[in-house]
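What follows is each chain in one-letter form.
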Amino acid sequence: MAILCDKNTKLLVQGVGRMGQFHANLSREYGTQVVGGVAPGKGGSTIGDMPIYNTVADAVKDTGATASVIFVPPPGAADAMLEAADAGIELAICVTEGIPVIDMARAKRALAGSPMRLVGPNCPGVVTPEQCRIGIMPAQITRPGPVGVVSRSGTLTYEAVDQLSRLGIGQSTCLGIGGDPIIGTNFIDALTLFQADDETKAVVMIGEIGGSAEEEAAEFIQSEMTKPVAAFIAGQRAPKGKRMGHAGAIIAGGKGAASDKMAALERCGVAVSASPAEIGETLAKHAPGISG
Amino acid sequence: MNVHEYQAKALFRDYGVAVPEGELATTPAEAAQAARKLGTAVVVVKAQVHAGGRGKGGGVKLAKSPAEAEKAASEILGMTLHTPQTPPEGKLVRKVYVEAGSAIARELYLAILLDRAAEKFAIVASTEGGMEIEVVAEKTPEKIQTVLVDPNEGLHDFQARQLAFGLGLEGDQIARFVTFLGGLFQLYLAKDCTQVEINPLVVTDSGELFALDGKLGFDDNALYRHADIAALRDPEEEDARERAAREIDLSYVGLDGNIGCMVNGAGLAMATLDMISHCGGSPANFLDAGGGVQEEQVKAAFKLILQDEQVKAILVNIFGGIVRCDLIAEGVVAAAKELDVNVPVVVRLQGTNAAEGRKILSDSGLALIPAETLKEAGEKVVAAAAQATEGA
Chain A
399 MAILCDKNTK LLVQGVGRMG QFHANLSREY GTQVVGGVAP GKGGSTIGDM PIYNTVADAV
459 KDTGATASVI FVPPPGAADA MLEAADAGIE LAICVTEGIP VIDMARAKRA LAGSPMRLVG
519 PNCPGVVTPE QCRIGIMPAQ ITRPGPVGVV SRSGTLTYEA VDQLSRLGIG QSTCLGIGGD
579 PIIGTNFIDA LTLFQADDET KAVVMIGEIG GSAEEEAAEF IQSEMTKPVA AFIAGQRAPK
639 GKRMGHAGAI IAGGKGAASD KMAALERCGV AVSASPAEIG ETLAKHAPGI SG
Chain B
139 MNVHEYQAKA LFRDYGVAVP EGELATTPAE AAQAARKLGT AVVVVKAQVH AGGRGKGGGV
199 KLAKSPAEAE KAASEILGMT LHTPQTPPEG KLVRKVYVEA GSAIARELYL AILLDRAAEK
259 FAIVASTEGG MEIEVVAEKT PEKIQTVLVD PNEGLHDFQA RQLAFGLGLE GDQIARFVTF
319 LGGLFQLYLA KDCTQVEINP LVVTDSGELF ALDGKLGFDD NALYRHADIA ALRDPEEEDA
379 RERAAREIDL SYVGLDGNIG CMVNGAGLAM ATLDMISHCG GSPANFLDAG GGVQEEQVKA
439 AFKLILQDEQ VKAILVNIFG GIVRCDLIAE GVVAAAKELD VNVPVVVRLQ GTNAAEGRKI
499 LSDSGLALIP AETLKEAGEK VVAAAAQATE GA
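Which chain is which? The protein sequence lines are A and B, in order.
If you use our numbering, the first sequence corresponds to residues 399 to 690, in order.
If you use our numbering, the second sequence corresponds to residues 139 to 530, in order.
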């Protein structure tokens, strides 16, 4: 089961520059079916043994690709998302960091009503352990198991996954949703998928300062979820009005502080770890019987 | 990126957003000249720094003659302005804006920003101009009106009219407001703004509308397509270390503690600050060296951290996913040798090739303190900083 991707996923790579090629290879080594790349003007050529197409539509027609990972640089990334949707791709994961927020607001609006699910941008991607890797995560730290992981961060996701794996707790799917102000898949979307997934028995959610996505997720967890959720919010020590690396990580107008998010989650029955070193333990305590 | 009021107003003018006449001055004599040229009974001399609340700090003065304008400018130029929005050390004033005075009948508030939850642009208006909008939102939320604008449809005239009537405007003022807001929204989209705030937007005795103050913020990610906006950057207004970091593609935010931090990835970097606080210490900075940090960035990051004289200990926290920890370890060793690092350095390497990385650190002969887990790293660096502080 798992969510979003598994061994049947057929993956395209949009943007086959140095980073796109490097991670396409790692995904393939992990066992992911990487079926082709898209580079306008280079259709008909190959990179390694990966066939290259001019358009996503050509690639889908020829390969039956169901998913796409986008490494296209910021000026063209929003367009790449729309192209993937137009070609009938089911899942697009955008790794690109630095897309102007107005481009993203317009693309997200244009995708409303499209059956394609977008994850990201500015995200590390998704790994279903021992089945499929899309994006840039170090899949070797994951292990199969019952815990869904969803996070706005990259390396902090790895930290949390590593803490779980060291406690003998495996993951159903690990998902980074991205650190930008506007993203395709938000916490509630991911939690909805984990709640519906039979293999997922509990969820770890990693939020950070900025916006109100964690507060909205807290309400959702209380009203819609039966599975236990543990959480950590990064940025408890962040000053107001400063962007902390991610474009979306900023306490603006007195809103988006970690303490508010932690309180909202606790009120809704989520086990919140105050320390980033105890994310795994917090889940293990909150969901007894989960450790493997 | 933020700009000065005078720069914001020049952009307003380009987009048909009404502003009072004004001139920039960098000397008292220029201020007198500007007042003479404007020729109005009253001019306002305003400090140009990137901070609000300038009036409260003595950075805004009225003048009724060119001589008074000269005197006001001589008092403001060179002063260190302290307002609720300036950093603790204040801001040195290098420029003033001399503006024609207006006969103010009403003060309103108008802003455009991104509503992240709605994924639309929010236009926020209030009858309580001149006050901080956060205070209005808390005390009298009914005095704030918001309309949401679809990013693909743009602003409709009826939405502007709704706000105009809600603000109690009447007669010709309605059409003026629709033009004013239309221009402002066009500017917001055309220049990739993240924030436009006009506080106050004034209605004059004769029913004209003017942006009396103007704050513009721009999307750093979109500056590549706005050379004109990027050129407005005032390096004097930015923290020197944050600027130096940006120039080498590191993300740095200065804090007030004594433990320097170098981390790969923004989320883990924030969590590292949290870890230090959790262990009873105080971080000196946020530093994200990037998810794919290389040896060169490690060295550059060390240099930056060591420029802060408060730093009594350093924590390097790298989760090697794609990045190999042995390469990072070599970078740390090279940087520590080359830069003559004289504070204790705790290094936590985890992930790919972490064991090899730790071996490189211990074989280096340098007094680097290894740590395996995040918690151990936090505890060790807090202890090291405490010891260094006591020893001093």
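In case anyone wonders, no lab produced these hints; they're calculated from the structure.
Built from N, CA and C at the ideal position, the CB exists for glycine as well.
Any given hint might turn out to be false.
[To be verified] Straight-line Cα separation of at most 30 Å, BS3-like style, residue types lysine-lysine; simulated pairs:
hint	chain 1	residue 1	chain 2	residue 2
1	B	K441	A	K653
2	A	K638	B	K353
3	A	K640	B	K281
4	B	K475	A	K638
5	A	K653	A	K625
6	A	K459	B	K209
7	B	K258	A	K640
8	B	K513	A	K599
9	A	K653	B	K277
10	B	K194	A	K640
11	A	K506	A	K653
12	B	K175	B	K194
13	A	K459	A	K408
14	A	K599	A	K405
15	B	K277	A	K640
16	A	K638	B	K175
17	A	K653	A	K640
18	B	K518	A	K653
19	B	K353	A	K653
20	A	K440	A	K599
21	A	K506	A	K640
22	A	K405	A	K506
23	B	K475	B	K518
24	A	K640	B	K175
[Claimed, not checked] Residues from chain B shown here face chain A by an in silico Cβ test under 10 Å; the list is partial:
hint	residue
25	R254
26	A255
27	S420
Hint by hint, here is what the structure shows:
Note on K441/B and K653/A: the hinted pairing is violated, with a Cα-Cα distance of about 34 Å set against a maximum of 30 Å. For the hint pairing K638/A with K353/B, the CA-to-CA distance comes to about 18 Å; that is within 30 Å, so the pair holds. A threshold of 30 Å between alpha carbons decides the hint, and for K640/A with K281/B the separation of about 28 Å falls inside it, so the pair holds. For the suggested pair K475/B and K638/A, the alpha carbons sit about 36 Å apart, so the restraint of at most 30 Å is broken.
A hinted pair counts as satisfied when its Cα atoms are at most 30 Å apart, and K653/A with K625/A qualifies at roughly 29 Å. Between the alpha carbons of K459/A and K209/B the distance comes to roughly 75 Å, so the proposed pair goes past 30 Å and is violated. As the CA atoms of K258/B and K640/A are separated by approximately 22 Å, the hinted pair is consistent with the 30 Å bound. Between K513/B and K599/A, the direct Cα distance comes to roughly 27 Å. Compliance with the 30 Å bound is thereby established for this hinted pair.
The suggested pairing of K653/A with K277/B holds, with an alpha-carbon distance near 16 Å, which does not exceed 30 Å. Taking the CA atoms of K194/B and K640/A, the gap is about 23 Å. The hint holds against a cut of 30 Å. Restraint check: the Cα-Cα separation between K506/A and K653/A comes to about 23 Å, which is no more than 30 Å; the hinted pair holds. Restraint check: the Cα-Cα separation between K175/B and K194/B comes to about 27 Å, which is no more than 30 Å; the hinted pair holds.
Between K459/A and K408/A, the direct Cα distance comes to roughly 12 Å. Compliance with the 30 Å bound is thereby established for this hinted pair. About 21 Å separates the Cα atoms of K599/A and K405/A, which keeps this hinted pair within 30 Å; it holds. Using a Cα cut-off of 30 Å, the hinted pair K277/B and K640/A holds, with the two alpha carbons roughly 26 Å apart. For the given pair, K638/A sits about 41 Å from K175/B by alpha-carbon distance, which is inconsistent with the 30 Å threshold.
A C-alpha spacing of about 12 Å is found between K653/A and K640/A, which places the hinted pair at or below 30 Å, so the restraint holds. A distance of roughly 33 Å separates the Cα atoms of K518/B and K653/A; the hinted pair therefore is violated under the 30 Å criterion. Between K353/B and K653/A the alpha-carbon distance is near 19 Å, which keeps this suggested pair within the 30 Å criterion. Distance hint between K440/A and K599/A is unfulfilled; the C-alpha atoms sit about 45 Å from each other, more than 30 Å.
Taking the CA atoms of K506/A and K640/A, the gap is near 26 Å; set against the 30 Å cutoff, the hint holds. With a C-alpha separation of about 28 Å, the suggested pair K405/A and K506/A falls inside the 30 Å cut-off, and the hint holds. A threshold of 30 Å between alpha carbons decides the hint, and for K475/B with K518/B the separation of about 21 Å falls inside it, so the pair holds. Annotation: proposed proximity of K640/A to K175/B is violated, straight-line Cα distance about 40 Å (limit 30 Å).
At a threshold of 10 Å, the smallest CB-CB gap from R254/B to chain A is about 4 Å, leaving the interface hint in force. Residue-level restraint check for A255/B holds (minimum Cβ-Cβ distance to chain A is 5 Å; threshold 10 Å). With 10 Å as the threshold, the beta carbon of S420/B comes within range of chain A, its nearest partner Cβ sitting at about 9 Å, so the hint holds.
Hint compliance for this structure: hints 1, 4, 6, 16, 18, 20 and 24 are broken, all remaining hints hold.
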